Amino acid sequence: MKALLLRDLRLAFRSGGGFGLGLAFFFLLSVLVPLGVGPEGGTLGRIAPGILWVGALLACLLSLDRIFALDHEDGSLDLLATAPIPLEAVVAVKALAHWLVTGLPLTLIAPGLAVFLNLPSGGYPWLVVSLVLGTPALSMIGAFGAALTVGLRRGGLLLSLLVLPLYVPTLIFGGEVVRRGAEGMALGTPLALLAAISLGAAALLPFAAASAIRVNLR
Amino acid sequence: MLKLDDLAVARGGVTVLRGLTLRVASGEALILRGPNGAGKTTLLRTLAGLQPPAGGAFDLSPDTVAYAAHADGLKSTLTVAENLEFWSRIYGGPGIHAALAALDLTALVRRRAGELSAGQKRRLGLARLLVTGRPVWLLDEPTVSLDVASVALFAAAVRAHLAHGGLAVIATHVDLGLPEAQVLDLEPHRARVIQNTGFDEAFA
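Taken in sequence, the protein lines are chains C and P.
Under the working numbering, residues 1 to 218 are what the first sequence spells out, in order.
Under the working numbering, residues 1 to 204 are what the second sequence spells out, in order.
If you're looking for bench data, these hints aren't it; they were derived computationally from the structure.
Quick caveat, the model's predicted, so the values are computed rather than measured.
Possibly wrong hints are sitting among the right ones.
Residues from chain P shown here face chain C by an in silico Cβ test under 8 Å; the list is partial [said to hold, decoys possible]:
(1) Phe58
(2) Val65
(3) Lys75
(4) Pro94
(5) Val183
(6) Leu184
Some residues of chain C that are not near chain P, with every Cβ distance over 10 Å (derived) [unchecked claim]:
(7) Ala3
(8) Leu79
(9) Ala81
(10) Leu166
C-beta atoms are modelled at their ideal positions from N, C-alpha and C, and glycine is treated no differently.
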């Protein structure tokens, strides 16, 4: 399993691996929104939590279809399915690798980009906390969506349609944590729910995704 | 040892082969012959555990199988050594050096898989079998794009595998010169295609 994680990370960082694509998208979005909305600090600060979370979510979505599609194309998914590690573990490891190359870097650069959006100072720590807790759910749900659409030609669009509605709870609670943090309100409830979504996704979706892959490989 | 008992296999919900009953002992090879579309790949995928049989049964634990499909499962941005090392670690099998030597890839270890020729890629794909350490090999047209010398290397690797008590099921049209090889012609086992008589059938 460690071998699989290392391979996926190595592939992501090699040429054409797509590392940085999501980050660049997130960066551009955070720069473009203030240009579009205008320099008025109050408006920007109010919409900043939502924009940052939507940006993180879309950046995550960009690289989802690579999780299984590339392995399916070159035949290694068939070989992994007959390998001694269970397919559930393959899914979990691949989702983890996806998080390490998208979710984690997004979390790390988000405070810097929040400056562009004039996020109130109380929101910064909570932005990082909410992304740390929420982005694993994005990767895991995304891996499930990728497993459902593996083997479909041009499955990327269908994948977005399938996955985006499932991202709604994460987006709502993640944005809410940052908004409440920025305004100095109590935020225990959305934070707990955000963590619950991530943990629930990590516990259940590897099994769902593995059965979807088994059906798709037949 | 591999046992098929009245096995039927289906592709896309349509039964393509039925009534397959045979036994292959350890140290033996089974050669599958049949025209394109006869169901060789479907049979191998069923034996590999990638799809359930349409009927009958076979006795083969998924933990003993190494499957080599048409696609080699190589990552073009990884080197030859990295590709092989990955599968070796996944299977926890023997190291990669013997496999590299057996298929004459030692000179290419630092080359990226994307820069190899079709035949070299194929040899790397077959070298993967040697690092799995699995006793049963399921090979789907393993000699495609191999030249005569490479076919000989591959045949030698299969013979060594069989000599160590391994077993191989090979879909191929090339004579590998294997001792103790059973040939299974799939033609008599093909399930007759039911002609669609008209679209009323959907409502019948």
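Hint numbers not upheld by this structure, sorted from lowest to highest | 1, 4, 5, 6, 7, 8, 9
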